[in-house]
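**Student:** Listed below, chain by chain, are the residues.
Protein chains: 2
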Amino acid sequence: MPTNLVLISGVLSKRELRYTPKGTPVLEVSLIGKRAVGENHLFSRADLTFYGKLAEHWADQLADGQAYQAMGRLVYESWEADGVKGSRLRIVGEELFKLENADVREEEKGPVLYGAMNRVILSGGLTADPEIRQTSLKTPVARASLGFSSWDASAGQARSHYIELEAWRDLAVQFADLKKGSQVLLEGSLKTEVWEDKESKAKRYKRLLEVERVTPLARIRSAERSPEEPPMVKGNKVKTKTKAA
Amino acid sequence: MPTNLVLISGVLSKRELRYTPKGTPVLEVSLIGKRAVGENHLFSRADLTFYGKLAEHWADQLADGQAYQAMGRLVYESWEADGVKGSRLRIVGEELFKLENADVREEEKGPVLYGAMNRVILSGGLTADPEIRQTSLKTPVARASLGFSSWDASAGQARSHYIELEAWRDLAVQFADLKKGSQVLLEGSLKTEVWEDKESKAKRYKRLLEVERVTPLARIRSAERSPEEPPMVKGNKVKTKTKAA
Chain P
1 MPTNLVLISG
11 VLSKRELRYT
21 PKGTPVLEVS
31 LIGKRAVGEN
41 HLFSRADLTF
51 YGKLAEHWAD
61 QLADGQAYQA
71 MGRLVYESWE
81 ADGVKGSRLR
91 IVGEELFKLE
101 NADVREEEKG
111 PVLYGAMNRV
121 ILSGGLTADP
131 EIRQTSLKTP
141 VARASLGFSS
151 WDASAGQARS
161 HYIELEAWRD
171 LAVQFADLKK
181 GSQVLLEGSL
191 KTEVWEDKES
201 KAKRYKRLLE
211 VERVTPLARI
221 RSAERSPEEP
231 PMVKGNKVKT
241 KTKAA
Chain Z
1 MPTNLVLISG
11 VLSKRELRYT
21 PKGTPVLEVS
31 LIGKRAVGEN
41 HLFSRADLTF
51 YGKLAEHWAD
61 QLADGQAYQA
71 MGRLVYESWE
81 ADGVKGSRLR
91 IVGEELFKLE
101 NADVREEEKG
111 PVLYGAMNRV
121 ILSGGLTADP
131 EIRQTSLKTP
141 VARASLGFSS
151 WDASAGQARS
161 HYIELEAWRD
171 LAVQFADLKK
181 GSQVLLEGSL
191 KTEVWEDKES
201 KAKRYKRLLE
211 VERVTPLARI
221 RSAERSPEEP
231 PMVKGNKVKT
241 KTKAA
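Same order as they appear, the protein sequences are chains P and Z.
What the first sequence shows, in UniProt numbering, is residues 1 to 245, in sequence order.
What the second sequence shows, in UniProt numbering, is residues 1 to 245, in sequence order.
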């Protein structure tokens, strides 16, 4: 299965238990933390979804202001209702623990976990050529999007997922060598972009992955075979004829 | 499912395809690399096992001296044959890619990948109290072992796994606060210890995890309930009676 791991920690600021029409418990949790990036502390708020009986059990036990560690994976959902298309990138939690010896500090807006974790490790392929531009201060920034897959055991088929990527400085420059279809192993952190819809004035949210390390990969294929050649017969390699120039 | 991710890269130095009695293809691969730790380059050789049709296909395509990236998980196997017990910790590969732009250098013993990856992220519980001691140079070192589980879909039950842990310096000191049963999220790298069996003079190998980050966790349980109390009835909390001292 493709690599898809999310590690998030933070102070609990919201929990909500609901049930699907089929009766599956769904627990929504928000974790709030700050993590050190150089000399700054970056604020992050992550919403996670847990499914099943364990989620129902946890819903009773979770305490506001307590710090938790969650492990999970990214899941892309899209739908169409009344002709309008929607999509959402969920963090589906698989494990949830209380954090021991957590550095929780009271701040103006409430308690925050310092030294919080916000890490994603993900493999997949770029869905388009990356766009590289420079900010007004000449800082290079790359935008790209990654397609990745998962195995849906209940449906017996693979499912496709997408996430938008952002890479800054040296990392942006590394994206210049990549193109549509390039395979990569990424490490980074989740970030939420917020903006106001011009028409409805409603707040819009988009989750994206800020890339902190990119490893360019290539699929393993037959080295000798080019698309024009006939397929190799097992145990009977077809010799490539070289035309005289 | 518990977190269990292994990321390994290196130059291919061995590949071997065999079949189980039931006909499942099994591909064994060794990857050789060096990774920067401070100013040193630590050598690492990792053996990985891939199962299934894809493994059979890859066996034909892999090239000695080429650098590869593998993603997988740790699997503990134990057996008893003729009254002798054996065990082994396998890295079971799930993905395998060629590395693009790899820094492969020719060295005396053959090609080596520089800047290789050797990373493990694993959650579980300590199987015993950690042992903390000091080397002759007063460097603290902790030894412990971690039990972790996986879901065996074909058997329809959970499987138990074990790995030995080693932690140095400040990390060793952090283990002093942990005890048997402590839950942790670990990040580290795989290391192979080699020694000679005193009786048979045969070389023995043991794989262990050198811990680079430890996050102490606690299971989420009912805060109010002690083992002596009756279980809570849903929607009808049992009030704890406090005896006067």
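Since the hints were derived computationally from the structure, they do not count as laboratory data.
Note that this is a predicted model, so its numbers are computed, not measured.
Please note that the accuracy of each hint is not assured.
[As the list claims (entries may be wrong)] Some but not every residue of chain P turned toward chain Z, in silico, with C-beta under 10 Å: (1) Met1; (2) Leu7; (3) Arg119; (4) Thr192; (5) Trp195; (6) Ala218.
[Claimed, not checked] A few chain P positions that, by computed beta-carbon distances, are all more than 10 Å from chain Z: (7) Glu28; (8) Glu100; (9) Ala153.
Built from N, CA and C at the ideal position, the CB exists for glycine as well.
**Student:** Tell me, in ascending order, the numbers of any earlier hints that this structure violates.
**Tutor:** Violated hints (numbers, rising): 4, 5, 8, 9; every other hint is consistent with the structure.
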